[in-house]
Amino acid sequence: MDGESIKEKRPGRRLWAIAAAVLVCLVLSALIGRYPKPFLTPLSALTDNEMARSLIVHLRLPRILMAFFLGAVLSAAGAVFQMIFRNPLVDSGFLGVSQGAAFGAALGFVYLGGTALGVQASAAAFAFLGLAASYLIARRIRWGDWVFRLVLAGISIGALYSAGTGVLKYLADPHKQLPDITFWMLGGLWSVTWPDLWQVLPVAALGLAIMILMRWRLNLLSMRDETAFSLGLAPGRERLVLLAAAVAATAVLVSKAGQVTWVGLIVPHIARRLVGSDAQRMLPASILIGGIFVLVCDDLARVALSGEIPLGILTSFFGTAVFIALLSARKLRLKS
Amino acid sequence: MNGGPIVSIRDLSFAYSGSGPEVLRDLSLDIGAGTICALLGPNGSGKTTLLNLVLGWLRPLEGRIEIDGRAGPDLTRREMSRIIGFVPQEEPAGFELSVLEYVLLGRAPYLGFLETPGAEDRRAADAALEASGIRKLRGRPLPTLSAGEKQLASLARVLAQDPLIFLLDEPMSHLDLANTQRICWTIESLRDKGKTVVFTTHDPNVASASADNIVMLVKGKVAASGSVRKTLTAKNIKAVYGVDAEIIDGNGRPVILTRLRKR
Amino acid sequence: MRSARIPFIPTLLAITAFIVACIPLTQSAQAAPSTKTSPSSGPAPTAKATPSAQSAIEITDAAGKTIRLEKLPERLAVVGRGPQYLLHLLYMFPEGPGRLVGLEQRGRTASDFLSAVAPGIDSKLTLLPNPGPESIAGLHPDLVLMKGSQSDPLAEALFKVGIQTASLSLETPDEYYRDIANLGAILGNPKRADEIIAFYKKGVARVEKAVSGLRDDEKPSVLVVMGNIRSGKYAVRVPALVWMQTYQVKAAGGRPVWLSAAEQAGGWAVVNLEQIAVWNPDRLIIIVWYSTNASAFMGWLGADPQWKRIGAVAAGKVSCFPSDFYGWDAPDVRWILGLTWMASLLHPDRLKDYNIEDEVYRFYEELYGLSRDTIKIKILPTVKTDFR
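Chains as they are written, first to last, in the working numbering: chain E, 1 to 336; chain L, 1001 to 1263; chain B, 2001 to 2388.
In short, the hints are calculated from the structure, not lab data.
Just so it is clear, CB atoms sit at the ideal spot from N, CA and C, and this is done for glycine as well.
Errors might be hidden in some of the hints.
[To be verified] These stretches of chain E come out as covered by chain L in the derived footprint (C-beta under 8 Å, 3 or more residues):
| no. | stretch |
| --- | --- |
| 1 | 220 to 228 |
| 2 | 231 to 241 |
| 3 | 267 to 279 |
Excised from the complex, chain E in its bound form (with noise of 0.2 Å):
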């Protein structure tokens, strides 16, 4: 008894440690900034400098708050994917989500004017209607388990519109649209101000709400059908509801953000790591882990040079190379 116990403290005392973290960088992430000089701001500054005051006020707070909710929802959304399809290679790329948030956004850039609202929801629009298309399609398909029959129809409505992308792209022009689609598909948070954390904040947190409280449940889901259903759920339904709430903060988000890839797929791994594969603590660490990744990543965005990085270039570079460090590493588990 005593052995187990000890085990079961282990994981928990990791989760606190985490929220620790978290705490650590939001406080640390307002005090880093390019003025009123790059990297750390001065406290002095803080009661004597107004500029800064209302930098950090009306600027930074809005951003690193905008990026740790990004984080979380898109790392929530990955191990949500990744434990209803008991595959560890998911993320909303694979049901045609991310592809229809970009197809969106840059219809919204072609044709709507490239109003922040139009962007915003037509990516939400069609990060939607790309998760109803692949479901549609999919009870369609008559072959293979259900798993192999979503996924299927993910992609192929992913590599539709990434051609529809494509060809918007080539309609764009290439001195005012282009730059502002390509800027847009590799992510940034520049100009995030409080209006648009507001925005985002009702369904994210929505979202991101269901999908801790449904926690347990993603562990039953990721049983057979037969034997879920022989357990009094409803899988189809019940991942229906998850499935929706990930893929509705996510849309939200990445209308705001633009593309940032490869941080529902680390992050989930990391957090297995860290705790184990029970949803029940793996779902919080990887939404405090992404919180924090991706607010690191976007530090480093706005604070290493003058311009901005795009946020999608350094999630994809950390998280890649995070990825390789962990296939290599040598042990298996960390967790009992």
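Using the hints, position chains L and B against chain E.
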């Protein structure tokens, strides 16, 4: 509750797709409460399909199924989950849940939609692990277990679920002698507690040893059913499996010998 | 197993508390303006008819925003796409160079032209492409200038910290006149703005007079295309309906043939040879000045048998849009040079006194105050009318 059969099937027909071949045809069957029933039959005879129909996962084309006196479709999923427990032939490895976490999944019928397992559930899981003899494996990730250990883990899960009826699909297919014995003894003690166990197997000797009643299926129809001694005859074995067999007596239970050497 | 819930909820609560605590901060900071060029109205300024007594400047920029400043801005920053368009205009004003404190540099230089004639520009503070609001704030600008006709999220973010942004669209002649006037107000030199506008209007009037009275059948059909070489493939695109090139053709007494295929305003539209054959323009004008492969493109055009079947090519009525440091077709300040050139190309008999060198001298003398020698040495050699 007492007196009538706990599972009552009448004129059941089923096909997988609307126009496909019928897998089960006009099947009628009673399973008594507190008994152990073995479903015997060659591969493809419809044993797994029948279990899925009783579970309610599949819907029949025609016929009715009554569980504990109530029609199958009338039961809510929650009620069903407390009455029937199901162990499939194979469970995908899924993610690296530990054995304990996996067994805890069996407690789902007793938890609200957003509830997570508590101390009482952990106790039930522990007891189930003990009964299955794999308590020492409880911290191991599921994919690292051998096939036999995984079957014991599945059994532990359904023990933790503690339903009235246990539907087990090929529960002993990967097990060695010691574990086969353990499963048979566990099934017996379940029956002694008043539970009903229905399991499929294609080994008639296992059925003979542990079951009270046997149902033999051939191509979706009941070829024979009844007590062990009544059903396990050379004639029935020939009709169902197409092999000649010799029946000898083993401590009051028939032992089926098939000629495995040509000469 | 409930232990996993506990660490998470306090974190979520902490973050929520953090956000909630910041709300009063954001509201109070908006109510109290911070820098000396504080906007006197709230977050969403709308155009007002009468300027208030205290503000030194009140203009409506290209995005429809009203910019009100109490004092003339001493420090200007130029950011965004196409900074050279703004800079070329800014340097027409004597105050311009002095007031410019920083700019976003998107290419090798801020502007090849300005580096040649106003070397001081190379020592201005530059920011890497896509600067964030903090980097721009580090320049301590009183006003930020951006090219565009729509409100930009960067401008909105800057506004939140009390830095105003004025947009200048600079796409059509009318927009030019408005933007030049706005720039004059910003620099406190409306007289100079009037002079510049007068120069352009005089040039336009001259062309209009030259082509007045032309019947439609006297106007040659013209096709303007931009030559592209992308990964070894040659392609041509036509300009959008509302763009400068379309205007230039119409105003110079030509008939633009590509309008059915053009985008409204979105961008360059790709056309293929079949379509060009259908249009069969009298004159073909190619824009290749920006390309490093210009001669390759013109060579291909001359040699390709398909192109030879186009009437204008066979008749030798193919011209390249001229340029000096920058093309005369783009919505750069040089558009007036392009307009006059095109009028003389299409109707040489009506603009008999056209001399390209004189045009160049006059443009740079009057607008930039450069001496004839400087123009002769530094600018004339860069003027190209043929890229073959």
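Legend entry - Verdict on chain L covering the stretch 267 to 279 of chain E, where coverage means 3 or more residues with a C-beta closer than 8 Å: holds (count 4)
Inset, instruction - Verify the coverage statement for the stretch 231 to 241 of chain E against chain L, using a C-beta to C-beta distance below 8 Å and requiring 3 or more qualifying residues. - result: Three-residue rule met by the stretch 231 to 241 of chain E, so holds; n is 4.
Inset, instruction - Closer than 8 Å, Cβ to Cβ, for at least three residues: run that test on the stretch 220 to 228 of chain E against chain L and report holds or violated. - result: It holds: at least three residues are needed, and the stretch 220 to 228 of chain E offers 7 whose Cβ sits within less than 8 Å of chain L.
The earlier numbered hints are all upheld by this structure, with none contradicted.
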